[in-house]
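Q: The whole structure should be built from the sequences, with the hints applied where relevant.
Sequences listed follow chains A and B, in order. In this text, residue positions in the first sequence follow my numbering: the first is 4, and each later residue adds one. In this text, residue positions in the second sequence follow my numbering: the first is 4, and each later residue adds one.
These are computed hints drawn from the structure, not numbers from a lab. Any given hint might turn out to be false.
[Stated by the list, open to error] Calculated pairs, BS3-like style, for lysine-lysine (alpha carbon to alpha carbon, straight line, at most 27 Å):
1) A:K42 / A:K117
2) B:K136 / B:K76
3) B:K117 / A:K117
4) A:K42 / B:K42
5) A:K76 / B:K42
6) B:K76 / B:K42
7) A:K42 / B:K76
8) A:K76 / B:K136
9) A:K42 / B:K117
10) B:K76 / B:K117
11) A:K42 / B:K136
12) A:K42 / A:K76
13) A:K136 / B:K42
14) A:K136 / B:K117
15) B:K76 / A:K117
16) B:K76 / A:K136
17) A:K76 / A:K117
18) A:K76 / B:K76
Nothing here was measured: the structure is a model prediction, and the numbers come from that model.
Number of protein chains: 2
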Amino acid sequence: MSSTSADQTGKQQEDTALSDLLRRGELFNQNCPSREILKHLTSRWGVLVLIALLERDHRFSELRRTVGGVSEKMLAQTLQTLEADGFVSRFSHPVVPPHVDYSLTPIGREVAEKVRDFADWIELNTSRILSAKPKGRVAAAR
Amino acid sequence: MSSTSADQTGKQQEDTALSDLLRRGELFNQNCPSREILKHLTSRWGVLVLIALLERDHRFSELRRTVGGVSEKMLAQTLQTLEADGFVSRFSHPVVPPHVDYSLTPIGREVAEKVRDFADWIELNTSRILSAKPKGRVAAAR
DNA sequence: CTGTATCCTCTTAGATACTG
DNA sequence: CAGTATCTAAGAGGATACAG
Numbered sequence: 004m005s006s007t008s009a010d011q012t013g014k015q016q017e018d019t020a021l022s023d024l025l026r027r028g029e030l031f032n033q034n035c036p037s038r039e040i041l042k043h044l045t046s047r048w049g050v051l052v053l054i055a056l057l058e059r060d061h062r063f064s065e066l067r068r069t070v071g072g073v074s075e076k077m078l079a080q081t082l083q084t085l086e087a088d089g090f091v092s093r094f095s096h097p098v099v100p101p102h103v104d105y106s107l108t109p110i111g112r113e114v115a116e117k118v119r120d121f122a123d124w125i126e127l128n129t130s131r132i133l134s135a136k137p138k139g140r141v142a143a144a145r
Numbered sequence: 004m005s006s007t008s009a010d011q012t013g014k015q016q017e018d019t020a021l022s023d024l025l026r027r028g029e030l031f032n033q034n035c036p037s038r039e040i041l042k043h044l045t046s047r048w049g050v051l052v053l054i055a056l057l058e059r060d061h062r063f064s065e066l067r068r069t070v071g072g073v074s075e076k077m078l079a080q081t082l083q084t085l086e087a088d089g090f091v092s093r094f095s096h097p098v099v100p101p102h103v104d105y106s107l108t109p110i111g112r113e114v115a116e117k118v119r120d121f122a123d124w125i126e127l128n129t130s131r132i133l134s135a136k137p138k139g140r141v142a143a144a145r
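A: This is the structure we're talking about:
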């Protein structure tokens, strides 16, 4: 519901190490709005959409093809969330059949570069990670 | 831990053109194991656990207190997944009452630094993001 | 083409109770 | 203290149909 205001003034049960909270407490506090931003940005399809849009602008069906495995519903939902957060711009060309282009806003490009940097690390290190897995232990196979 | 000293030569992702898709198509393929790694690392609690462990080693109950809002079950599950991936080490002191310490492996520290970098960006920019939200449009409010 | 609406299934996550 | 087991609710996600 993305409420504005309506602060919970007396609701402060963060009683962890105070220095930690001062230094970087926002994300460790479950009431902080940054938690929601984090959730959107690290969502299953959000990450891939941001990276795809960093390469170039895409229209809806292009994104569907580029991002393997995403359904129409989840792609639309992901794009709406990212647009609502101000990371993605949506341009609907007034033609028929419809033609909609998605692109990154300046702040969206900023964060997408962070995401891509992170994704690049994963791709470069996946084989290293897989071969370094503890073998005696049965992975929860998530 | 001795890295396998594999192929990675450092940084080579300066280009973002079409050749990128060939080089970094892994994540866009739903059958790629890197998708699973990504999922674990970007999981709701995985991100926060990695950042907490980057500050210092924690025992179980310390993590519970530091990471606001996490349940015992989810913390245990998250830690097991991260341990199975080789990002986290678990050391159980043979004492009573039990005392278990969690720490990052070398590769875990590497990725945790990426995660922290990303989280830092979010914390620094949350207010900017919130104030820049498109207001005319009703966010889907998830 | 670009979605929305509905239905359905599977996973995630919290609460609670219990064990070593 | 450090978990596990069980139950349940909420949300993610997919398939299909349909609308603008």
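Q: Each of the hints needs a verdict: does it hold here or not?
A: Evaluated hints:
Under the criterion of a C-alpha separation no larger than 27 Å, the hint pairing K42 (chain A) with K117 (chain A) is consistent with the structure, at around 15 Å. Between K136 (chain B) and K76 (chain B) the CA atoms are separated by roughly 35 Å; this puts the pair beyond 27 Å, and the hint is violated. For the proposed pair K117 (chain B) and K117 (chain A), the alpha carbon gap of about 9 Å is at most 27 Å, so the pair holds. The hinted pair formed by K42 (chain A) and K42 (chain B) meets the criterion: a straight-line CA distance of about 12 Å does not exceed 27 Å.
Restraint check for K76 (chain A) and K42 (chain B): the C-alpha separation of about 20 Å stays at or below 27 Å, so the hint holds. For the hint linking K76 (chain B) to K42 (chain B), the alpha-carbon distance of about 18 Å falls within 27 Å, and the restraint holds. With a C-alpha separation of about 20 Å, the suggested pair K42 (chain A) and K76 (chain B) falls inside the 27 Å cut-off, and the hint holds. For the hint linking K76 (chain A) to K136 (chain B), the alpha-carbon distance of about 23 Å falls within 27 Å, and the restraint holds.
Distance check on the hinted pair: K42 (chain A) and K117 (chain B) sit about 17 Å apart at the alpha-carbon level, within 27 Å; holds. Using a Cα cut-off of 27 Å, the hinted pair K76 (chain B) and K117 (chain B) holds, with the two alpha carbons roughly 26 Å apart. This hinted pair checks out: K42 (chain A) and K136 (chain B) have alpha carbons roughly 16 Å apart, not beyond 27 Å. Only pairs whose Cα atoms come within 27 Å are accepted, and K42 (chain A) paired with K76 (chain A) is accepted, the gap being roughly 18 Å.
Among the hinted pairs, K136 (chain A) with K42 (chain B) is consistent with the structure: their alpha-carbon atoms are about 16 Å apart, no more than 27 Å. Restraint check for K136 (chain A) and K117 (chain B): the C-alpha separation of about 20 Å stays at or below 27 Å, so the hint holds. Between the alpha carbons of K76 (chain B) and K117 (chain A) the distance comes to roughly 30 Å, so the proposed pair goes past 27 Å and is violated. For the given pair, K76 (chain B) sits about 23 Å from K136 (chain A) by alpha-carbon distance, which is consistent with the 27 Å threshold.
About 26 Å separates the Cα atoms of K76 (chain A) and K117 (chain A), which keeps this hinted pair within 27 Å; it holds. A C-alpha spacing of about 30 Å is found between K76 (chain A) and K76 (chain B), which places the hinted pair above 27 Å, so the restraint is violated.
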